[in-house]
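> These protein sequence lines map, in sequence, to chains A and B.
Numbering-wise (this note's numbering), the first sequence opens with residue 1 and increments by one.
Numbering-wise (this note's numbering), the second sequence opens with residue 1 and increments by one.
Simulated from the structure, these hints should not be mistaken for lab results.
Each hint should be verified, as a subset may be incorrect.
Selected chain A positions facing chain B (Cβ under 8 Å, derived; list incomplete) [claimed, not checked]:
(1) ALA67
(2) GLN70
(3) ALA91
(4) THR102
(5) ARG103
(6) THR105
(7) THR195
(8) PRO209
Residues of chain A clear of chain B, computed beta-carbon distances all greater than 12 Å [to be verified]:
(9) ALA41
(10) GLY59
(11) PRO61
(12) VAL81
(13) LEU104
(14) PHE206
(15) TYR215
(16) GLN223
(17) LEU239
(18) GLY285
Lysine to aspartate or glutamate pairs mimicking EDC-like chemistry, simulated, CA-CA at most 16 Å apart [claimed, not checked]:
(19) A:LYS202 x B:GLU112
(20) A:LYS66 x B:GLU69
(21) A:LYS130 x B:GLU199
(22) A:LYS202 x B:GLU69
(23) A:LYS290 x B:GLU65
(24) A:LYS66 x B:ASP114
Every residue gets a Cβ at the ideal spot worked out from N, C-alpha and C, and that includes glycine.
Residues per chain, in single letters:
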Amino acid sequence: MHPASSVIIFNTFSGLGFGLLFWLGMGALVPTGVGAFIWFAIAYVLAVGGLIASTFHLGHPERALKAFSQWKTSWLSREGVCAVFALLVMALYGAALVFADTRLTLAGFVGAIASLGVVFTTSMIYTQMKTVPRWRHWTTPAMYLLLSVGGGALLANQPYIAAGLLAVAGILQVFAWRSGDTRFAQSGTDMATATGLGHIGKVRAFEPPHTGTNYLMREFIHQVGRKHAYRLRIITLGLGFALPVLLLVFFFDNHIIAAIAILSHIAGVLALRWLFFAQAEHVVGLYYGKR
Amino acid sequence: MTQLPPPTTKKLGLVIDLDTCVGCHACVISCKGWNTENYGAPLSDQQAYGADPSGTFLNRVHSYEVQPEQGAAQLIHFPKSCLHCEDAPCVTVCPTGASYKRVEDGIVLVNESDCIGCGLCAWACPYGARELDAKEGVMKKCTLCVDRIYNENLPEEDRQPACVRTCPAGARHFGDLGDESSDVSKLVAERGGFDLMPEQGTKPVNKYLPPRPKDEIPQFDILAPYLEPVASDGKGFVGWLDKALSALPGGAR
C-alpha cells in the first residue's frame with residue numbers, strides 16, 4: 001500500500017492526542033486553571049491536527065460532512081462520529097476544569113472511553129480489509145490501542161504506566177510483524193485464484209494492460225523501500241519502544257529526559273506507521289504479477 | 001445508503017469468454033470513449049502524450065502466460081472490469097453513501113456528487129475495479145453502461161454495454177445472471193463459468209468462461225523417420241574432433 005504522509009501523520013499524532021485525552025479523562029492527572037488549558041490544548045492540537053491532516057488525501061474534502069451518515073456499515077463513518085463525540089465531551093470536561101476548577105467525573109470517563117473508541121474505529125478501517133491480509137488480524141486494533149494509551153501515558157507524565165505499556169507494545173509489535181509476514185501466503189489468494197486459470201498450469205503475468213502506470217499500481221503496489229524493512233523495524237523498536245522505556249525507568253523525574261523520550265517515541269511510531277502501509281500487500285497486485 | 005440490499009432477483013452482468021478473447025483492447029477503447037462523455041465525470045488522462053502517461057480506465061485487458069505440466073505454454077487475454085458483486089465490499093465501506101448497489105438490477109454505482117474521494121472502496125475491492133480519477137477526485141467504476149442498456153433513444157441493438165457491443169470476437173456477453181433461463185446463464189452452465197477470487201467471499205455476478213483444452217498435434221509427417229538426426233558414430237576427422245572435444249573438461253558425453 002502507498003504510504004501517504006497525510007495518513008501517517010494522522011495515525012501517529014491523533015493516536016497520541018486521543019491517548020492523552022484518555023488519561024486526562026480518566027483522571028490520571030487533574031490539572032486546573034491555566035495548567036488545564038495547556039494540557040487540553042496539547043491534546044487537541046495533536047488529535048484535531050491529525051484529523052485535519054487526514055482530510056488532505058481526500059479528493060473532495062469540502063464534502064466531508066457527508067461522511068458522518070453511514071455509521072451503520074462504514075468504519076470510517078463510525079470513526080468520524082466517534083471523534084466528534086469524544087472531542088465535544090472532552091471539551092466540556094476540560095472547560096469545567098479550566099474555568100470552574102471542577103472535575104466532571106462522569107463526563108471524563110465517557111470522554112476517555114470515546115477517545116479509545118476513536119482509535120479502535122480507526123484501526124478497524126484497516127483490520128476489515130480482506131484484500132490486505134497483513135492487516136486483517138487482531139494485532140492491528142491491539143497495537144493501535146496500546147500505542148495510543150502508551151504514548152498518551154508518556155505525554156501525560158505517567159512514567160511507570162508508559163514504560164509498562166510501551167514494553168508490552170514493543171513485544172506485541174514484533175509478534176505482529178512476524179505473524180504478518182506469512183499471512184498473505186496463508187490467505188489462499190494467489191495468481192491461480194485471481195485469474196481462475198490455475199487448473200491449466202502455472203500462471204505468469206505476461207503483459208500488463210498498459211505500458212504506463214495507473215492509479216491501482218500507485219495506490220496498492222509499493223515495492224520501493226521494502227528492502228530496508230528489516231533495518232526500519234530495528235529503528236522502530238529502538239526509538240519507539242526500547243529507548244523511551246529505558247529513559248523512563250532510569251530518569252523518571254527529569255523533564256528534559258522525558259521530552260527526549262517523547263520525541264524518540266514519535267520518531268519510532270512514524271517509522272512504524274510507514275512500515276504499516278509500505279509492507280502491506282494488496283491482493284490486486286496479483287493481477288500485475290506483483291505484490 | 002451503503003447497506004447492501006437483500007439479494008436482488010435481477011443480476012445484470014457480463015460473461016467473458018477467455019477462450020475467444022483475442023486481446024485487441026477494443027472493449028477498453030469503446031468503454032473509455034462512451035464513459036468519458038456520458039455518465040458522470042469524464043475519464044481523465046495525465047500526460048497522455050508525455051513521458052509518463054497514465055489515465056482512468058473502467059476496463060483493462062491483462063495478458064497471462066499459463067504453463068501446463070506438459071506441452072506448450074498458453075497465452076490468455078484477460079479483460080477485467082467491475083464484477084458487480086452480490087456482497088460488494090466496496091459498498092459497505094463507503095462513509096458517505098455515495099457507493100450503492102441497485103435493488104432493481106444489482107448494478108453497483110457511485111453517486112459522484114456524494115463521493116469525497118477517500119479511496120476506501122478501491123482498497124476494499126480485490127479486483128482493482130475502481131479507480132480514483134486524478135482530475136475530478138471522485139471514484140470511477142464500470143456502470144454496466146446503465147445509460148445505454150435502458151436508453152430508448154438508442155436502436156435496440158445498441159442497448160447493451162459499449163464493450164459488449166464493440167467486441168469483434170464475440171467474447172463478451174451481457175444479460176441477467178439471476179435468470180436461469182437467460183442466454184448468459186445457459187452459457188455459464190454449459191462452459192463451466194467461474195468466479196474470480198471466490199475465497200474473498202464477494203460473490204461476483206460477472207462470470208469468466210475458461211479457455212477450451214488445446215488440441216494435441218497428431219504425428220502425421222511421413223517424412224519424419226527419414227529426417228532423424230545425423231548418426232552419432234562419426235568417422236574420420238569429424239569423429240576425431242567429436243572425441244577430442246568431448247574429452248575436454250566440460251565436454252559432452
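> Take the hints in turn and mark each one as holding or not.
Tested hints:
1. ALA67: holds, 4 Å
2. GLN70: holds, 5 Å
3. ALA91: violated, 23 Å
4. THR102: Nearest chain B Cβ about 36 Å off; hint violated.
5. ARG103: violated, 35 Å
6. THR105: Interface hint status for THR105 (chain A): violated (33 Å vs cutoff 8 Å).
7. THR195: Since the shortest Cβ distance to chain B is 6 Å, the answer is holds.
8. PRO209: holds, 4 Å
9. ALA41: holds, 29 Å
10. GLY59: violated, 2 Å
11. PRO61: At roughly 7 Å from the nearest Cβ of chain B, PRO61 (chain A) sits no farther out than 12 Å, so the non-interface label is violated.
12. VAL81: At roughly 10 Å from the nearest Cβ of chain B, VAL81 (chain A) sits no farther out than 12 Å, so the non-interface label is violated.
13. LEU104: Non-interface label on LEU104 (chain A) holds, nearest chain B Cβ at 31 Å vs cutoff 12 Å.
14. PHE206: violated, 4 Å
15. TYR215: violated, 4 Å
16. GLN223: Holds: least Cβ distance 16 Å, greater than 12 Å.
17. LEU239: For LEU239 (chain A), whose nearest Cβ neighbour in chain B is about 29 Å away, the distance exceeds 12 Å, so it holds.
18. GLY285: Violated, because the least Cβ-Cβ distance between GLY285 (chain A) and chain B comes to about 9 Å, which does not exceed 12 Å.
19. A:LYS202 x B:GLU112: violated, 40 Å
20. A:LYS66 x B:GLU69: Not OK: LYS66 (chain A) and GLU69 (chain B) at ~54 Å, beyond 16 Å, violated.
21. A:LYS130 x B:GLU199: Roughly 10 Å between the alpha carbons, so the hint for LYS130 (chain A) and GLU199 (chain B) holds.
22. A:LYS202 x B:GLU69: holds, 8 Å
23. A:LYS290 x B:GLU65: holds, 15 Å
24. A:LYS66 x B:ASP114: holds, 7 Å
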